[in-house]
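K.L.:
The listed protein sequences correspond, in order, to chains A and B.
Just add 43 to the spot in the first sequence (first one is 1) and you have our numbering.
Just add 153 to the spot in the second sequence (first one is 1) and you have our numbering.
Hints listed in this document are in silico derivations from the structure and should not be mistaken for laboratory results.
We put the beta carbon where it would ideally sit given N, CA and C, even for glycine.
A hint or two may mislead.
Claimed, not checked - Partial chain B-side listing against chain A, Cβ under 8 angstroms, derived:
| id | residue |
| --- | --- |
| 1 | 243 |
| 2 | 257 |
| 3 | 261 |
Stated by the list, open to error - Chain A regions said to be covered by chain B (calculated; three or more residues, Cβ under 8 angstroms):
| id | region |
| --- | --- |
| 4 | 54-66 |
| 5 | 103-109 |
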Amino acid sequence: GQQVMQIPQYQHVQEGEDFTTYCNSSTTLSNIQWYKQRPGGHPVFLIQLVKSGEVKKQKRLTFQFGEAKKNSSLHITATQTTDVGTYFCAGPPANNAGNMLTFGGGTRLMVKP
Amino acid sequence: DSGVTQTPKHLITATGQRVTLRCSPRSGDLSVYWYQQSLDQGLQFLIQYYNGEERAKGNILERFSAQQFPDLHSELNLSSLELGDSALYFCASSLSTGAGTGEQFFGPGTRLTVL
């Protein structure tokens with residue numbers, strides 16, 4: 044079945060440093076979604092990318108969807124303590140966009156002030 | 154606050170028992186999804202209902218079942234509980250028919266502990 048992998052699993056950064064998490068799917072995706080889960084909280088939707096090679100920005104966050112629609116990345120510039128949490132990517136397979144979302148294992152970001 | 158409510162917040166029970174988790178979706182959302190999140194695993198999709206009908210199924214155990222009622226709230230039933238069923242169970246809802254076609258709004262979760 045479809046597998047979605049994320050690296051790294053954990054990342055410690057000093058406040059102000061940049062951070063990137065990578066997401067790779069075993070199958071072509073219809074789209075990619077990113078969610079953030081704060082410690083003790085629930086996942087919160089950040090963004091959805093649909094087109095091959097798409098890049099979207101939200102303030103200090105930059106999201107990319109690969110040309111082959113099998114990988115994606117999230118880059119945070121100048122991290123802040125409010126960025127702490129686990130970032131998940133998720134996507135449905137291209138051949139069945141209405142089907143279930145497969146989530147990656149997440150990247151847990153810790154920021155030292 | 155996502156608008157999705159889940160009860161109870163915490164549940165402690167013994168092996169072999171049966172429990173019911175409840176979820177009310179955001180107003181207007183017809184799709185409800187159930188996920189399991191264990192400590193060492195990410196979010197595992199269990200099942201989706203759309204307007205009362207089962208829409209998609211993930212790796213849901215046969216001991217688990219769910220339903221969505223006419224008022225669109227959903228219940229997840231877990232029976233013959235095992236220690237390994239201890240996890241955080243999230244419900245999510247969306248306006249769209251398909252899981253991959255739009256934003257999902259997650260509830261606060263129910264933490265199940267099986268002793």
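K.L.:
Look at each hint and say if it fits the structure.
P.N.:
How the hints compare with the structure:
no.	hint	in the structure
1	243	6 angstroms, holds
2	257	6 angstroms, holds
3	261	5 angstroms, holds
4	54-66	violated (count 0)
5	103-109	violated (count 0)
Of the numbered hints stated above, those contradicted by the structure are hints 4, 5, listed in ascending order.
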